[in-house]
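Colleague: With the hints as constraints, model all of the structure from the sequences given.
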Amino acid sequence: MATQEDGSAPVTLPADRYESYMYSKRDTNEVLDWLRINASKKTKQSPFDSELTLKQILHAAKLVVAHRNSIPSHIQDAFKRLLRARSKLTDWFRQNETHQGNAQSASTDAHEAFNNTLAKVYNVMFPQDEVHSDHGNKTRYPIPSDKPTTSYNFYEVLAKIGGDESSNLNLEMHPEHQQKHNTEKSKFEVPEYIIEGDLLREQCEAMSWLLELDIGCSLVKQWFEKARDNEIPIVVVETLTVSVLNHIMEKEMQQIAKKQDGSCKEIMRLLVGGQQDGSAGGDMPSISGGQENEARGCHGGPSYCNFRNLSSLIVFCNAFREFILRKNEPGFLTTIQRKPLHCYFDTPAREAEREEAFRAEYSKIGHLPTRDKAKAHRAFMERHAKDYEGCILIFKSLWHDHFNNPEPIDLSVLQMNSFFDWIQKYEPHQDSSYISTQALPTTSLAWYLQVVLESAKSFVWKDGKLNPVSCRIQALRFGQEIVGSLDKVLAIDTVNSFVSDPKLRRDLQVLRETVQVILAIPRFDLLHQSPIMSGRLNNTLLQFAFSKGLELLDQMGMFGTVLHLYKACQFVTGGESSISVLDSLCDIFRESVFMGDFPTRNFEIIHFRFMKIPRKSTKEFDRNEGCGYRRLDRYKENWIYAKQNRIQHSDISSWFDFTCGDGLLNPGFWAHLERTGKRTSMSKGAILRTEHLVCTEPLAKLFSYIESALVKDFEEGYKVPRINFFEIYLLAVRTLENFGKRYLESHSAVSDSVTSVEAAMQDIDEEAHGRNIKISLAVETAFSVFKLIDLRMKDRIPGQDTFEGLPLLQQLQGAIRDSWEGVSLEGLHWKTL
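Here the UniProt record's numbering is used: the first residue of the sequence shown is 1, the next is one more, and so on.
Treat the hints with care, as some may be off.
Claimed, not checked - The calculated lysine-lysine pairs, modelled on DSS-like cross-linking and capped at a C-alpha distance of 27 Å, are: (1) K741 - K226; (2) K226 - K339; (3) K375 - K364; (4) K612 - K226; (5) K327 - K251; (6) K503 - K612; (7) K41 - K25; (8) K226 - K488; (9) K701 - K221; (10) K548 - K503; (11) K701 - K712; (12) K41 - K55; (13) K62 - K120; (14) K612 - K548; (15) K831 - K719; (16) K488 - K741; (17) K88 - K55; (18) K488 - K831; (19) K548 - K120.
Derived from the structure by calculation, the hints contain no laboratory data.
Modeller: Shown next, in the form of structure tokens:
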């Protein structure tokens, strides 16, 4: 671990102390914010700014007492908790002062001075803890006094609170406290109060941030190991990885927005010290008190700890500096290695040898301040030589993609403009051989590069042997399969009339061209071969295919009409005409197509509701005359069938909802998991459970829950994300075409009308024109089918003879059977996903 400026090593904050610190920070913010608001309630102009300074806290407490403001019980409970927690934290740092330097001791002194200020505030606000017994549990009003307040030190106030109150649930730090006092709390957000110069806060936040980076990296490594063993799909792993990265970037931006840069400065100081004194990469002290931890990390923490021991950040910063210094050299940026992925990394056996050699060399170098810093730095760089080379190769690939050969889709996830802004901003500070305190980009970039390298190591090697699977090749094969399906879809409608919306057709053409551009460039360098980038390509292609496939099924309501016709046939035949793949599709699209329940009556009205056609429009047409092609011109003008948004994406896949949603708090995703009514809404209880899960649970537990939900979407039930919706669209078109063909053959009047239209449209492809006529007739005839069934049910009780001898229904049953016979849902899955 890095040392401080005076040469002493800092003490790692244990997990239990860190948790106590975070709870005390939350309670401090709550108490100070309540003081600021209530001290200004009875004044015309607030005497305080948006945040209280250390000198203003006691003044605010006296104003609250002078105004006789009622003090809620949860504020007093929070005050007691924070005093206890800060006392324990200060005592712990005092006990470990032997490991600290002058700067750390001064920080502890400042921390204890702030504790004493809080103790004085508590003494002013709560001069007596007892309540009036004759009036029950009334809220107490402190009585102001002109006499000077008796001064208590911090520990006297703690003794005044009483040790027996530790068993009170209100004083414990758990979520039930917020629910119990929810009615008493003010309805405002609690801002983050910052005490300037609080070095202890900066140290705690820096260590907690590095710990969170380690946890995220450990999670990604575990996910890719599962993907390597075929336990979870690579698409799910990439989705989770991007979510973790977005979570880290969001928290980092929040810290910057709140100007909480103390932890960043502390990390910079640690990095400078870690490189200059050669202490980087050493073992972390365990929480039991300085003994070496065999796991190279805190007890109970993640197995990966290269951020806490600063290895990852120092390797990244050194590679970043070298890239900036050499990027103007001739041939440096244009030389990009392309070789098999495993060639970029050591084997697990060689990796273990490097680690053992580093440990042995590190133990010979000595301890601070007598350590041979040059030897320590050399041993460190030899240990991480492959990671160092890998970072430079990734930087070169990012630069090349951005300026020379950009992809049509940004798959990097990072904000690339910010990356190149960092290069320009920190370029003047790279002239030194050491890391500059001014030259540290955001840690999210360092985390992303480290995850690219570590995930590749986890995926490439399996039980010490080379994994033959290439994620990049799998992604390219998947892209080829998408192009093949798009070619089939685009080939069935050459006239852009009624089979698809021209705008969607253009979108499909753009998608096809985009995928072809991606497939045309192999990109077998380290970055693009890595499982993360390959999985990102897989995930992006699947998102486009999923989204555009559903939009295609939504065209003119054709697919939904096929499902309605199938359910009508099932009702007529009493379930004898059941087809398993259509039964599955009806279940998948139950919400979007059938509005929740399968129809048993009023088939026509339900179909009208699905088509989003006003009920009164049925009076405009006389269906007893048949469905001539002439009417389709009027449909085209009004574009009744082109109305979209019948099929909602969120109704069928939690993976797609999570991928395209607004981060971890996406209500559609959690509502889908909660199975609450409409997928975009959540009950109040579900919202509270979700916020508790996302905001208070550890990162590993939160993503474990998300992982299980996404894996179920891919591996259990109907496996909706794996379905090729383009193939389903082709089957729906074939069904309507067969139905229209059978109807056309049995109605000579319609054939004459079609002939008259053909005379006026001779310049259009005959085959495509005939297909469009049949499909349009089938969609129009569907209204006659539903009307016929409803009329028969009104006249008599449904029985076996109710629908016998109806040629229209027989034609429909034959068309559905011929089109879907022999098709299975598994056969409609993507073959190369």
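Colleague: Given the hinted pair K327 and K251, is their alpha-carbon gap at most 27 Å?
Modeller: 31 Å, violated
Colleague: Is the Cα-Cα distance between K548 and K503 27 Å or less?
Modeller: 12 Å, holds
Colleague: Please work out if K612 and K548 have their alpha carbons no farther apart than 27 Å.
Modeller: Holds, at roughly 21 Å.
Colleague: CA of K831 to CA of K719, is that 27 Å or under?
Modeller: 13 Å, holds
Colleague: Taking 27 Å as the top limit, are the C-alpha atoms of K701 and K712 close enough?
Modeller: 17 Å, holds
Colleague: Quick one, are K226 and K488 close enough, alpha carbons at most 27 Å?
Modeller: 35 Å, violated
Colleague: Is the straight-line distance between the alpha-carbon of K62 and that of K120 27 Å or less?
Modeller: This hinted pair holds, its Cα atoms lying about 10 Å apart.
Colleague: Given the hinted pair K88 and K55, is their Cα-Cα distance within 27 Å?
Modeller: Given that 27 Å is the threshold and the Cα spacing comes to 24 Å, the pair holds.
Colleague: Are the Cα atoms of K612 and K226 separated by 27 Å or less?
Modeller: At roughly 45 Å apart (the allowed maximum being 27 Å), K226 and K612 break the hint.
Colleague: Are the Cα positions of K488 and K741 separated by 27 Å at most?
Modeller: 21 Å, holds
Colleague: Within a Cα-Cα threshold of 27 Å, do K488 and K831 meet the stated pairing?
Modeller: 16 Å, holds
Colleague: Take a quick look at whether K41 and K25 sit within 27 Å of each other, Cα to Cα.
Modeller: 25 Å, holds
Of the numbered hints listed earlier, those contradicted by the structure are 1, 4, 5, 8 and 19.
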